[in-house]
Every structure is written in structure tokens, then in C-alpha cells.
Amino acid sequence: DSGVTQTPKHLITATGQRVTLRCSPRSGDLSVYWYQQSLDQGLQFLIQYYNGEERAKGNILERFSAQQFPDLHSELNLSSLELGDSALYFCASSAAGEGEAFFGQGTRLTVV
Amino acid sequence: GQQLNQSPQSMFIQEGEDVSMNCTSSSIFNTWLWYKQDPGEGPVLLIALYKAGELTSNGRLTAQFGITRKDSFLNISASIPSDVGIYFCAGAYNTDKLIFGTGTRLQVFP
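Taken in sequence, the protein lines are chains A and B. Start counting the first sequence at 38; every next residue gets the next number (the numbering used here). Start counting the second sequence at 954; every next residue gets the next number (the numbering used here).
FYI, nobody ran anything at the bench for these hints, they're computed from the structure. Fair warning: there could be bad hints in the mix.
[What the hints assert, rightly or not] Here are the computed lysine-lysine pairs in the DSS-like style, where the Cα-Cα straight-line distance is at most 27 Å:
#: 1; chain 1: A; residue 1: K94; chain 2: B; residue 2: K1023
#: 2; chain 1: A; residue 1: K94; chain 2: A; residue 2: K46
#: 3; chain 1: B; residue 1: K1023; chain 2: B; residue 2: K989
#: 4; chain 1: B; residue 1: K1004; chain 2: B; residue 2: K989
#: 5; chain 1: B; residue 1: K1023; chain 2: B; residue 2: K1004
#: 6; chain 1: A; residue 1: K94; chain 2: B; residue 2: K989
#: 7; chain 1: B; residue 1: K989; chain 2: A; residue 2: K46
Excised from the complex, chain B in its bound form (with noise of 0.2 Å):
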């Protein structure tokens, strides 16, 4: 099915560092979104944009809508143990159906 392409795969990082990933697609999107995913729950949704450009933060989140409208960023700050786990970028196009990224799975180490 399609998918997104969602980098990096997975990140090993030290508690305290910051995280950075990102998301592209060869399509435009008008909607993208970012859920957390722990192990056998489901997606939980962190952050939604709307807008080409939109800058938008949850705590210790923050994520970009880029510019193209193909692409987007999640960057997470002075990071903590729980937020181990899969990261899903998920794109959609004026419909409600939800194309999702491929996924980075974070370790963060004490």
C-alpha cells in the first residue's frame, strides 16, 4: 500500500538530547499529522497542521507543515525515557483517508 517515507528508521539517543525526524511524500498534502505508537496500543495523535508552514508545539514537541505541503518535520526536545517508542507521520489530501509514514522507532538511553 502507500506509504510515506519517514527518516531516520530508528534512532538509539542518550535521555537529554534533542530528536529530530522527518517525512516526505511525492504527493501534496493539506492535512499532516503525528502520532506516538507504544508497543501493542494503538497510535495516540501528538501534533495536527493544516497549514503550509504551520510551526505548532505540544510540550516538548514542536512540528512543521513544510513548505511544499510535501514534507514534514518532528522534533522533540531534552528528551525523557517514555518517549520510547514508534513515531507514524500520517499525510491527507481532501479526504479523511490518512496515508502514514513508515515509522522511526526511538530508544532513548538513561
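Isolated chain A, as found in the complex (with noise of 0.2 Å):
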């Protein structure tokens, strides 16, 4: 158990829906880190936050955000979903200054 904390499990929406996933990470943890992960393929950086505070941008749709709130916990929000934006999404976390990212199990997201 990587101490990362991803909710819900598995979402099955339909297009044009807007969903959000939340993620708790490590206690202790500052940086929030959210990676997008399509069937077979690699882990995309979407975004970091560091404290509250938005800290990296990889490719991230404009349809998608984010936000870190005061309790550190994270959410990323997905709307006007399209196919194609079915995959595993992850959230990682790390102690501020140190490179380890811990992820947690991943919400497999389903757009029908």
C-alpha cells in the first residue's frame, strides 16, 4: 500500500459528461501529481500541484483541471468527455524536494 488514495475505482460515463476524481495522498506529502495512462501505453504527465498551488502543466486538455484544496487532497476534473479520453488516470505524491512519487491504484475511467 503506497499510502495514495484514488476514488472512485472504475467511472463508466457517457460522452459529453463531466466526472471527478479525487486523490489523498501521502500523509505529509506536499506535491500532487496526476498522470494520464491510455490502454498499452505510457504514463502522460497532466499536471502538478505543490502546496495548494498549481506547480507543472504537462499536455493537459483544456476540457480537464485541477486543484490541490488546503487539506492537500487533490481532484481532477474531466468534462465534455469524448471517447478517447478513456484510460487509467493516476495520482502520484511526493514530500516537497525529494523526486520519489508514490502512486496510488488509479481510477479507470470508461467513456461510452
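Assembly of the complex is requested from the two constituent chains, each provided in isolation within its own frame, with the hints serving as guidance.
Written as C-alpha cells, this is what we have:
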């Protein structure tokens, strides 16, 4: 158990809908990252937050947004969903200044 | 998005054999990490490297931080069936943002 909790584990929704994925980092970790992994693909970096502020941005679509709350949990919002958004979405966390990131179990999103 | 080049893309080996895989980047990093991912699960951190030339072991796994800071290697000795999975390298430079390799899919046959 990495200590990073993601909910829900599975999500099935229709095209055009909006969903919210939630992540609770390891206790004490200030950084939260979001990654997307499509079927049999690598991990694509979406966005990073550090202590509530956006720190780095990857190839995140404009339809996607994220935030980190004062209690350090984070949410990834995906809107106007398309079939191609079906993927595993991972959250990871790390302590400030350390490179090691620990991953949650992921949320499998299926858009039908 | 930006990714590191990882090779080989896949490996099919017999139980007991040793395995080597590597990761290269056009940029230098000051952190290299190796992860293993089982199907449908999150990546699990195997080894972390923080210094050029550093060689670190974790059981049957040994990883090295390349001296140029642009590459890293992972070796698995005496492979066993539970080594099956996808191995990812990841690098970072001065920020916590990790860039991931394309992955090496390992299959071990008894």
C-alpha cells in the first residue's frame, strides 16, 4: 500500500459528461501529480500541484482541470468527455524536494 | 508529451535468466527512478538514484545512474515468474515533475 488513495476505482460515463476524480496523498506529502495512461501506453504527465499551487503542467487538455485543496487532497475534473478520454488516471504524491513519487491504484475511466 | 527512450520495448525470457534494460534522455537529470507496474495497478517504486555513477541494489534488482546523467540502467538477476510486468524509468531535474520512459514489458516463461 503506497499510502495514496484514489476514488473511485472505476467510473463509466457517457460522452459529453463531466466527472471528478479524487486523490488523497500520503500523509505529509505536499506535491500531487496526475498522470493519464491509455491502453498499453506509457504514463503521460498532466499536471502537478505543490501545497495548493499549480507547479507544472503537461499536455493537459483545456477540458481538464485540477486543484489541490488546503487539506492537500486533489481533484481532477474532466468535462465534455470523449471516447478517447477512456484511460487509467493515476495520482502520485511526493514530499517537497524529493524526487520519489508514490502512486495510487488509479481510476479506470470508461467513456461510452 | 515528453518521454524518455526506454529499451528494449519488450523482453521474453526464461525463468532464471538475467535481464537488462536501459533508459536514455536528451536532457540531464539529477534523479532517476525505476518503477514496476502490474496490469491494472499503479506503478510501484523499485529503486531511486540521486547521484551520477550511483549503483543501488534492491534484492535481485540493481540500477545505475549513468555518469553522463542522461541515462540509467536496470538489471534483474535470476528472474522469476513474479517479475512479469512493465518496468518504467523516470527522471527529474530540480523539480518534482517526473518524466516517464516508454516502458519495457517483461514476460518470464517457466
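Right, here's what the structure says about each hint:
no., hint, result
1, A/K94 - B/K1023, "22 Å, holds"
2, A/K94 - A/K46, "24 Å, holds"
3, B/K1023 - B/K989, "21 Å, holds"
4, B/K1004 - B/K989, "21 Å, holds"
5, B/K1023 - B/K1004, "12 Å, holds"
6, A/K94 - B/K989, "24 Å, holds"
7, B/K989 - A/K46, "20 Å, holds"
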